[in-house]
Amino acid sequence: MSKFKAIINASQIATPIGRSSAKGSEMNNLKVIENAGIIIEDETILFVGTSDEVKSHPIYTKIEEKDIFDAKDRLITPGFIDSHTHFVFGGNRADEFNMRLAGASYMDIMASGGGIQSSVNATREISFDDLYSKANETLENMLLFGVTTVEGKSGYGLDSETEMKQLEVLKKLNENNEIDVVSTYMGAHSVPKEMKGEGRKYLESLYEGMEKIKKEDLAEFCDIFCEDKVFSVEDSRDYLLKAREMGFKLKMHADEIVDIGGGKLAGELSVTSADHLLVTSDESIESMKDSGVVANLLPATAFSLREEYASARKMIDRGLAVSIATDYNPGSSPTYSIPLIISLATLNMNMTVEETITALTLNAAAALDRAERVGSIEEGKKADILIHRVKTYREIPYNIALTTVEDVFKNGELIVRDGVRISKKYESLSDYPIKSFMNVLASKSPTPGGGSAAALGAVTGAALFEMVISLTIGKKKYADVEEDLQKMLPLIKSLRYELTTLIDEDAKSFESVMSAFRLPKEAENRKEEIEKSLINAMNVPLKIAEKSVELIRFSVELADKGNENAVTDVVVGAMNIRTAVISAIYNVIINLNSLSSDMSDVKEKIQLLEQEVIDTENRVRSIVDKKLEM
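Its first residue numbered 122, the sequence shown is counted upward by one per residue in my numbering.
Warning: the hint list may mix true and false statements.
[To be verified] Below, simulated DSS-like cross-link-like pairs (lysine-lysine); rule was C-alpha separation at most 30 Å, straight line: (1) LYS596 / LYS614; (2) LYS193 / LYS183; (3) LYS664 / LYS614; (4) LYS193 / LYS565; (5) LYS724 / LYS653; (6) LYS255 / LYS336; (7) LYS608 / LYS629; (8) LYS370 / LYS335; (9) LYS193 / LYS124; (10) LYS363 / LYS293; (11) LYS176 / LYS193; (12) LYS724 / LYS747; (13) LYS748 / LYS608; (14) LYS629 / LYS565; (15) LYS648 / LYS597; (16) LYS293 / LYS370; (17) LYS292 / LYS124; (18) LYS314 / LYS350; (19) LYS726 / LYS629; (20) LYS435 / LYS183; (21) LYS726 / LYS748; (22) LYS653 / LYS597; (23) LYS748 / LYS596; (24) LYS322 / LYS336; (25) LYS350 / LYS293; (26) LYS614 / LYS512; (27) LYS556 / LYS597.
These are computed hints drawn from the structure, not numbers from a lab.
Please put together the full structure from these sequences, using the hints given.
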């Protein structure tokens with residue numbers, strides 16, 4: 122059964138349109154819809170139009186309120202696609218960056234044994250788990266910039282074992298992270314020091330490993346650094362043709378430093394994309410245009426190396442499809458900042474705002490052979506959607522090197538809200554970071570609600586009690602009470618754990634109520650199921666109140682015996698717990714009033730709980746006030 126969602130009240134949707142790259146002047150053709158909305162079916166965009174059209178769509182009435190997202194007069198664009206990175210690597214090359222600041226060129230650094238070889242050494246040494254953890258952290262940060270699809274290359278192994286390690290990390294990242302990770306094998310990134318001067322022989326030595334990589338489906342693309350003093354045009358041609366025979370799609374690093382005809386070869390072989398192209402010739406531009414090659418330009422590399430930028434304006438004016446990417450790597454482009462790329466493209470490469478958005482979305486998708494499914498907001502494509510804190514697309518580059526992205530939908534799921542990560546990877550609400558939990562609590566979803574918030578308040582009180590005990594035991598001044606506090610500690614800790622589980626139980630109990638009410642009205646068991654679910658929804662906050670009262674009973678003794686420098690933390694904890702009890706009681710009452718069963722015993726119980734928690738808090742405050750001489 123399909124799951125439907127809607128996004129409404131966007132100030133604007135701005136998107137390229139198409140299922141292949143936009144070439145030349147086509148890159149300026151954004152479709153703009155004012156006061157816009159989207160209907161999503163599962164992972165796919167079902168309908169795009171004005172908010173009024175969305176609300177009048179026959180599917181809209183079937184969408185639950187919690188699945189309707191209000192864009193609040195903000196801009197929507199497709200998810201950004203970073204189509205060229207080397208983000209899986211060990212170590213860093215900060216020392217080389219400073220060498221460049223002192224005047225050394227990139228090729229000078231490579232000739233002295235640095236450059237790619239430096240990263241090769243570090244990547245060979247790092248463990249798989251550490252490499253994965255480092256790369257996963259990078260992916261999480263990319264997501265906050267609005268990246269929903271990213272390409273990652275190997276190439277920092279230059280031996281079979283390490284190249285496989287990089288590709289296996291990329292595969293695991295794709296499986297475990299919401300961002301789509303596209304893998305590229307780049308064993309031909311450089312000639313390793315052990316085979317210096319034997320470039321062709323080195324390329325031929327890669328073939329056996331490439332067969333294994335393809336068999337194990339570890340890489341979709343194969344790339345090579347076609348460059349002076351690295352791999353020649355002739356060697357690159359033979360290597361890429363061999364890779365194509367094995368089933369790889371082709372990419373090229375071409376004409377980055379010296380124009381040796383790499384761009385022309387890219388056109389000859391009709392590779393998916395030719396990347397860098399800082400010094401490519403007019404002849405190469407024509408060759409690539411005629412063959413449908415995407416020119417993937419990497420402005421941060423030129424910026425970092427202080428080189429001339431690729432001729433984006435000339436390429437677009439001559440009819441090429443241009444994409445842009447970060448080229449994130451430890452040497453020549455140590456950044457994955459999409460806002461920086463946007464600023465460099467518009468300010469330094471003379472690209473229009475429309476061209477820049479197209480280059481980061483539809484054309485970036487084409488550079489990864491994915492324009493059929495992502496890169497634009499239109500029916501039938503994946504629901505990879507960004508909501509920006511601005512109203513119009515023209516405001517994006519105006520915010521120089523600043524992200525405008527606030528919310529991210531990936532495959533129809535909201536995974537970043539208000540700039541904070543929300544993730545399926547958290548098994549329960551209690552696993553969420555504070556900011557993420559608060560974003561979920563603040564959302565239109567009815568769960569988590571007041572009951573979960575009450576349990577969280579009690580958990581906070583328990584944690585403060587534990588802190589006071591920890592600050593007391595082991596100190597000579599409190600040696601005579603240490604045994605009493607040591608006995609108290611595991612009991613408080615146990616209550617904290619129980620109350621933590623109740624954060625999730627309360628949310629689940631409410632969802633059960635909603636499920637019962639959604640049963641067909643003619644269903645024989647509907648009334649019985651509603652009653653049962655309401656009793657359960659009442660019992661969970663009742664348990665929160667009961668456990669919280671158990672917890673606050675420790676506060677009187679703790680206020681009397683605990684570290685005097687932390688005595689105010691006891692009263693703060695008690696006040697949190699008192700609020701938790703009264704809040705939980707109100708959640709009991711709202712369910713109680715909907716029940717047909719006699720619940721007089723529950724009504725009596727909650728009165729007693731409320732009175733006890735208020736009396737206990739007052740006793741604690743009295744003790745603390747005396748200690749503070751108020």
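Which earlier hints can't be squared with this structure? 7, 12, 15, 20, 21, 22, 25, 26 and 27
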